[in-house]
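The listed protein sequences correspond, in order, to chains F and U. Each residue of the first sequence is one higher than the last, beginning at 0 in numbering that gives the first Met the number 0. Each residue of the second sequence is one higher than the last, beginning at 0 in numbering that gives the first Met the number 0.
Because the hints were derived from the structure by calculation, they are not lab data. Keep in mind it's a predicted model, so treat the numbers as computed, not measured. Every residue, glycine too, gets a C-beta built ideally from N, C-alpha and C. Errors might be hidden in some of the hints.
[As the list claims (entries may be wrong)] Chain F stretches covered by chain U per the calculated footprint, using a threshold of three residues with CB under 8 Å from any CB of chain U:
# : segment
1 : 109 to 118
2 : 202 to 215
3 : 273 to 285
4 : 353 to 361
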Amino acid sequence: MQGLLEYVRMVTWQEVVMWLIGGLLIWLAIKKEMEPTLLLPIGFGAIMVNLPMSGAVTQIENGVTEVGVLDTLFDFGIANELFPLLLFIGIGAMIDFTPLLTNPKLMIFGAAAQFGIFFTLCMAALLGFSLNDAASIAIIGAADGPTSIFVANYFKSNYLGAIIIVAYSYMALVPIIQPPVIRLCTTRKERLIRMDYTGTEVSKRTKIVFPIVITVIAGLVAPKSVSLIGFLMFGNLLRECGVLNSLSETAQKVLANLITLFLGLTVASKMQADRFLTQETLMILLLGLFAFIFDTVGGILIAKFYNLFARDKINPMIGAAGISAFPMSARVVHRLGLQEDHGNHLLMHAIGVNVSGQLASVIAGGLILKLLG
Amino acid sequence: MRWNPSAFLEALPIALEGWLGVIIVIGLIVLIVYGFNFFFKD
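So here's chain F without its partners, still in its complex pose (with noise of 0.2 Å):
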């Protein structure tokens, strides 16, 4: 009996307060289908890593080291980054760039709500972060997983655990920050403006040739960025070169769902109490609100910018949607647009510079890796 109970008295009440986060995000996967193919294994994982002596992870007992499955898993596809750049494979694959290639000019918005990565640096910095975890805290911003792990394990950054639940917590709740953000950036008027959708046709060629050149100019400017930037493209490629249609949906479904799960139950691996249960974790929490919060400005301010000086007033608010978190930004300004006006169907204009804001936030993770680096 004694022996039984010997890990029982081994709890702590820090452990138990992770085996609450864990059943939270496991009840948020579930009850509110909230990023639900993460946050269930990360909250699964979390309460496996947090229970005294787990073997998941890797032990120190009487001086012999136990290796935990969790622990390998990471060294073998987050240390070395493969798991997410597998997973942009996938992303890419599932991405249509026809909106954004139809309107070229939209990039310009998705460009600019990465404003608040950089912003939130600044802030991250003055909070007395290191740069380096300042970065990896910031590109929380990108409001993209793979980029976010990609970047904050480039710096091996120690708040690896918080920074992933954050992006992906704040990606889930996307509906909820950004209206009242938008709404408080612009006017009634401005929120009626419509816009007029052509449906240009864009030609194969430019669809084939749009991911390779993506990559070399990416590659040019910051060459870090080449695996973070050419898997994605990578990806779209095979969407979009026609003859690879039962690869392209291997990577669009398989391969991404096969990575995803790894990735969720590898990143708990550093959710253990005495790493996650800090100071450090609340400001980061808050941090990656304000980085979502000043995306989201920067775009509506340049949308807003835009208009002073063209002749064809475009709806500011689908400058929201370039926080990238695709496709849930572009529905929140497309349903706004319709709270105001049942016949102003912004849709496909949110959508455009919803993709932009994917490509932007890779590349802002690109560049910061090369400033900082």
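Take the given structure of chain F and dock chain U to it, following the hints.
Only chain U this time, still in chain F's reference frame:
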């Protein structure tokens, strides 16, 4: 964790360069895509 204004000042030019960098790269891509749309027609 300590308030660190000097780190803020160190981060500021990096952040500005990064943000402008994203806008310039994307701006370049916009021009290229307009070029594609002009020259490539199915």
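Going through the hints against the structure:
Given as covered by chain U, the segment 109 to 118 of chain F passes the check, having 8 residues with a CB less than 8 Å from a CB of that chain where 3 are the minimum. Given as covered by chain U, the segment 202 to 215 of chain F passes the check, having 8 residues with a CB less than 8 Å from a CB of that chain where 3 are the minimum. Against chain U, the segment 273 to 285 of chain F contributes 3 residues with a C-beta closer than 8 Å to a partner C-beta. That satisfies the three-residue criterion, and the hint holds. Here's how the segment 353 to 361 of chain F fares: 3 of its residues keep a CB closer than 8 Å to some CB of chain U, so the rule of at least three is met and the hint holds.
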